[in-house]
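Protein chains: 2
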Amino acid sequence: MVLTIRPADVTDHEAIWRIFHEVVAAADTYAYPAETTRDEALSLWFPCGGWTFVAEMDGAVAGTYVMKVNQPGQGSHVANCGYMVDRAASGQGVGEALCRHSLAEASRLGFRAMQFNFVVSTNTRAVELWRRCGFAIVGTLPEAFRHPSLGLVDAYVMYRRLDGTD
Amino acid sequence: MVLTIRPADVTDHEAIWRIFHEVVAAADTYAYPAETTRDEALSLWFPCGGWTFVAEMDGAVAGTYVMKVNQPGQGSHVANCGYMVDRAASGQGVGEALCRHSLAEASRLGFRAMQFNFVVSTNTRAVELWRRCGFAIVGTLPEAFRHPSLGLVDAYVMYRRLDGTD
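Chains P and F, in that order, are what the protein sequence lines are.
Under this note's numbering, the residue at position 123 of the first sequence is numbered 123, and the numbers go up by one with no gaps.
Under this note's numbering, the residue at position 21 of the second sequence is numbered 1021, and the numbers go up by one with no gaps.
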């Protein structure tokens, strides 16, 4: 398996929409509405001033991430990312490769930290993955996510410095 | 002193912009860039699908708040608010009146909780005010705010249920 991570462009729109829709329709990890349209999804995934990458595995897009400033102005030294992996490529390290790539990119761009605002607590694979990548849970939002089968569950705020101090 | 809180409309734009600009130019409480323009400010303060109110004190706009959904989709039962008070009206309970009004409005609209994503830790008056209004610090974002005189300082995530369970 050869995994290549590169900036996304317009030729990736169809693959990104396919992955986004699959993830969001499951409604168990992201707060994007299940009925998000293709245009809305691509606007979210290619925000003004943001950075979008794809992971190609054996020539096909297997995952993607978007990075942007988490807060403007006096908070603009903290990055935010969202990651999605094609279900067919699950369990092959694509998410971790995307996360490690995004941390390197964020450092290169001068960000001092990265923050995830809304990690669904029952998405334990993601929580463990972010921990492995150096993130800590810095906040717990009680019952902030309406899980389709589990009801109201907590969401976490996760945070990682990029300056090597922790 | 008579304090009236009512929905904002286009006739309030000038007063809201004056207050917004004053607060944001100080750069010590909000992450909006100090150079935010009037049009950008009004777009932020009158978001699609949001609710904007003003407090009138003796007939003049003394403060304002904006309420919106904090996360879409499976997180849309949690509201988010931002509040700003005219410096000339500071210390007269306008902020607390706005907050209590917003909590009542959020309940009436069916929200289950309210979340503040980025309360600057050195803004102790605000932190104490939100505590008085029932909010708890549920997260601490290390050095997430670049204070103009204090350097990098923490920001808090604050949260309050609206269903009377705490």
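It is worth saying that the hints were derived from the structure and are not from the lab.
Backbone N, C-alpha and C define an ideal beta-carbon position, used for all residues, glycine too.
Be aware that one or more of the hints could be misleading.
Here are the computed lysine to any residue pairs in the SDA-like style, where the Cα-Cα straight-line distance is at most 25 angstroms [to be verified]: (1) P:Lys68 to F:Gly1134; (2) P:Lys68 to F:Pro1142; (3) P:Lys68 to P:Met1; (4) F:Lys1068 to P:Ala27.
What the simulated footprint calls covered on chain P by chain F, stretch by stretch (three residues with Cβ under 8 angstroms from a Cβ of chain F suffice, anywhere in the stretch; the number is not a length) [what the hints assert, rightly or not]: (5) 1 to 12; (6) 49 to 62; (7) 93 to 106; (8) 140 to 154.
We went through each hint and held it up to the structure:
1. Among the hinted pairs, Lys68 (chain P) with Gly1134 (chain F) is inconsistent with the structure: their alpha-carbon atoms are about 32 angstroms apart, more than 25 angstroms.
2. Only pairs whose Cα atoms come within 25 angstroms are accepted, and Lys68 (chain P) paired with Pro1142 (chain F) is accepted, the gap being roughly 18 angstroms.
3. With a C-alpha separation of about 29 angstroms, the suggested pair Lys68 (chain P) and Met1 (chain P) falls outside the 25 angstroms cut-off, and the hint is violated.
4. Proximity of Lys1068 (chain F) to Ala27 (chain P) is assessed by CA-CA distance (about 21 angstroms); at most 25 angstroms being required, the pair is judged to hold.
5. Counting residues of the stretch 1 to 12 of chain P whose CB lies closer than 8 angstroms to any CB of chain F gives 0, which falls below the minimum of 3, so the coverage claim is violated.
6. Here the stretch 49 to 62 of chain P counts 0 residues with a CB under 8 angstroms from a CB of chain F, which misses the bar of 3, and the coverage is violated.
7. By the rule of at least three residues with a Cβ nearer than 8 angstroms to a Cβ of chain F, the coverage given for the stretch 93 to 106 of chain P is violated, with 0 such residues.
8. Note: the stretch 140 to 154 of chain P has 10 residues with beta-carbon separation from chain F under 8 angstroms; the three-residue rule is met and the coverage holds.
Taken one by one, the earlier hints fail for this structure at numbers 1, 3, 5, 6 and 7, listed in ascending order.
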